[in-house]
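So the chains spell out like this:
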Amino acid sequence: MLKIEGLKVNVEGKEILHGIDLEVPEGKVVTLMGPNGSGKTTLIMTIMGFSGYEVTSGRIIFKGRDITHLPVHERAKMGIGLAFQRPPVIRGVKTRQIVEIAASVRGKEVDPYELAQEVNMEEFLDREVNLGFSGGEMKRSEILQLMAMDPDLLLLDEPESGVDLESIGLLGRAINKILGRNIEPVEGKSIKELKAARKKSALIITHTGHILNYIDADIGYVLIKGRIVCSGNPLEILRTIEKYGYKECERCL
Amino acid sequence: MSVKKIELEKIGIDQEEKERAGSYMQVDSGVLRCTVKQEGVEIYPTREALETLSDAKNYLWNALEKDDSLGDFSNGYFIVVRKGVKPLFPVQACLLIEEEEKQHVHNIIVVEEDAELNVITGCASVPQRGKHIGISEFYVKKGGKLHFTMIHMWGREVEVLPKTAVVVEEGGVFISDYICLHPAAKIKAYPTVYLNGRGATARLQSITVSTPGSYIDLGNRVYLKEAETRAEIISRSVCFGGTIIARGHLIGEYPGVKAHLECKGLLLSDKGVMHAIPELEGRAKDLEMSHEAAVGKIAKEEIEYLMARGLSEDEAVATIVRGFLNVDIIGIPEALKRELDKIIEMSDSAM
Ligand SMILES: Nc1ncnc2c1ncn2[C@@H]1O[C@H](COP(=O)(O)OP(=O)(O)OP(=O)(O)O)[C@@H](O)[C@H]1O
Ligand SMILES: [Mg+2]
Numbered sequence: 121m122l123k124i125e126g127l128k129v130n131v132e133g134k135e136i137l138h139g140i141d142l143e144v145p146e147g148k149v150v151t152l153m154g155p156n157g158s159g160k161t162t163l164i165m166t167i168m169g170f171s172g173y174e175v176t177s178g179r180i181i182f183k184g185r186d187i188t189h190l191p192v193h194e195r196a197k198m199g200i201g202l203a204f205q206r207p208p209v210i211r212g213v214k215t216r217q218i219v220e221i222a223a224s225v226r227g228k229e230v231d232p233y234e235l236a237q238e239v240n241m242e243e244f245l246d247r248e249v250n251l252g253f254s255g256g257e258m259k260r261s262e263i264l265q266l267m268a269m270d271p272d273l274l275l276l277d278e279p280e281s282g283v284d285l286e287s288i289g290l291l292g293r294a295i296n297k298i299l300g301r302n303i304e305p306v307e308g309k310s311i312k313e314l315k316a317a318r319k320k321s322a323l324i325i326t327h328t329g330h331i332l333n334y335i336d337a338d339i340g341y342v343l344i345k346g347r348i349v350c351s352g353n354p355l356e357i358l359r360t361i362e363k364y365g366y367k368e369c370e371r372c373l
Numbered sequence: 007m008s009v010k011k012i013e014l015e016k017i018g019i020d021q022e023e024k025e026r027a028g029s030y031m032q033v034d035s036g037v038l039r040c041t042v043k044q045e046g047v048e049i050y051p052t053r054e055a056l057e058t059l060s061d062a063k064n065y066l067w068n069a070l071e072k073d074d075s076l077g078d079f080s081n082g083y084f085i086v087v088r089k090g091v092k093p094l095f096p097v098q099a100c101l102l103i104e105e106e107e108k109q110h111v112h113n114i115i116v117v118e119e120d121a122e123l124n125v126i127t128g129c130a131s132v133p134q135r136g137k138h139i140g141i142s143e144f145y146v147k148k149g150g151k152l153h154f155t156m157i158h159m160w161g162r163e164v165e166v167l168p169k170t171a172v173v174v175e176e177g178g179v180f181i182s183d184y185i186c187l188h189p190a191a192k193i194k195a196y197p198t199v200y201l202n203g204r205g206a207t208a209r210l211q212s213i214t215v216s217t218p219g220s221y222i223d224l225g226n227r228v229y230l231k232e233a234e235t236r237a238e239i240i241s242r243s244v245c246f247g248g249t250i251i252a253r254g255h256l257i258g259e260y261p262g263v264k265a266h267l268e269c270k271g272l273l274l275s276d277k278g279v280m281h282a283i284p285e286l287e288g289r290a291k292d293l294e295m296s297h298e299a300a301v302g303k304i305a306k307e308e309i310e311y312l313m314a315r316g317l318s319e320d321e322a323v324a325t326i327v328r329g330f331l332n333v334d335i336i337g338i339p340e341a342l343k344r345e346l347d348k349i350i351e352m353s354d355s356a357m
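Residue numbers (our numbering), protein chains in the order written: chain A, 121 to 373; chain B, 7 to 357.
For reference, chain A alone in the conformation it holds in the complex (with noise of 0.2 Å):
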């Protein structure tokens, strides 16, 4: 689904990703820890083409496409939603009309009260466009919008940080539905069977790993300084960070 191949990233001059190998196989969530300024939000803004990320070397493809120099829109349009760590206000814009907009240029008609029902967003259908929203209310508007694109790729950038922890498992289901993972035994096909024909994949950022108590990671990386320097069993990687820190995913090189 998406490979990243030895990318190598500027911000405002200076190297921030030192060159990263990091493979979203089809049908896979891919976990990715770090500690604050190692790079998580650099790379994740740089996959989606965002200005200001400069690459200087390497490549990023999804679905098969070398996309490193496509514009935002289109990488949007071929399926890739991003949940923004911090999305910006954009004034006079109803959540309303951002919904149906990610909708409609994934070439789908949603009912937005519906989906808000979803994450409890019904009453910020009409509010301007993150204005004044708490911090958790911007993490569900912002799945409300990718659950309205609903995009093979998610990318999350911290999608439980401020998130009670109701909503928490309110998002987790939210993000599973879109994924096509909360599927239930069906006649005449096992769960094993339904989940190798899973197609949607997810890259998450977490520091927590709360989200994961809802949702089955199935790879985990570890970025520190700009360098992945870890990767394996998601879980095994978040107790190891829980127990004994940083220090010992450094190790793992």
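Careful: at least some of the hints might be erroneous.
What the hints assert, rightly or not - With a Cα cut of at most 20 Å, we get these calculated EDC-like pairs of lysine to aspartate or glutamate:
1. A:214 <-> B:319
2. B:306 <-> A:248
3. B:24 <-> B:45
4. A:214 <-> B:22
5. A:197 <-> B:320
6. B:306 <-> A:370
7. A:214 <-> B:321
8. A:197 <-> B:307
9. B:306 <-> A:132
10. B:306 <-> A:243
11. A:214 <-> B:307
12. A:197 <-> B:321
Source of the hints: derived by calculation from the structure; they are not laboratory data.
Position chain B with the ligands relative to chain A; hints supplied.
This is chain B with the ligands only, laid out in the frame that chain A set:
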């Protein structure tokens, strides 16, 4: 005379007058139409009102100081809504320049006690050059309410020099929405509102767009002269070129009055000039007067946020400009909204 050449619905004029309490239409200096469909509403050409109504002259050069230098006016409308009358539909007034070089009108609106009126005035020109001098004096009596919507659509080289004063008595409300999307070469206006009675309020909003070659100097001034008076001035402008000077002036003359001024401008061209001049003048104690002014371009971060939802850069800019102008708060006609959309699409080329 024909008015076909201008699409009147864009300036809020419904030629069928279906949902209108009355109409006034003047082309150059001639009165083309003056009809009333609602009891308690009276509409006259100003010259006629001065001859036939006994008290009409009391309203001439009363809110404004007489200015002889302007010379004689050719006509204009005189609209009265009688005591307690609250028409469901607005009165529409239309002032067009078609052939003459200069149009000079004197408009008067009187809202009597506890009456209400919405007046939509559309001004436009067929030729690209000309001069429009519009003198307006509005009177809102005790408990009355006037909602005045003005839409300007001038040719590229028309000079527009209006002079407006509004007097609001006790408990009266004056709401003004001014929209100018087709910028004239030169507009200079500084309407003044006097809140003369206890609890009188005013809310003035303006939306302006300038393009290369235009010079727009526009402001609103409100005097808060009595207890519990309130005022709010909101101005939004988008500059694709040319010059916009957005002024605002609040004068608080009574203790405890409240007023707010908001001047916001988007500058979308390196060649344009956007100059916000907000003024607050307190002349009594315990006033609450504030202002918010901002001039800038659209933040890249906001454009890219919308692009991450799938909009192209141009579409994202247009969406933000549309949101900035936030025309939804003003009840502008559908046809004008479409016009506004077209203008907003200009932002593509301006970026
Ligand atoms: N515009 C910028 N100008 C200068 N430095 C920047 C800029 N943007 C990011 N950086 C720097 O790049 C580094 C990586 O930042 P990034 O936001 O990617 O970290 P992160 O891993 O997401 O951290 P956190 O866990 O705190 O969200 C930081 O040191 C940050 O200060
Ligand atoms: Mg981050």
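For this session: Would you pick out the hints that fail for this structure and give their numbers low to high?
Result: 4, 6 and 10
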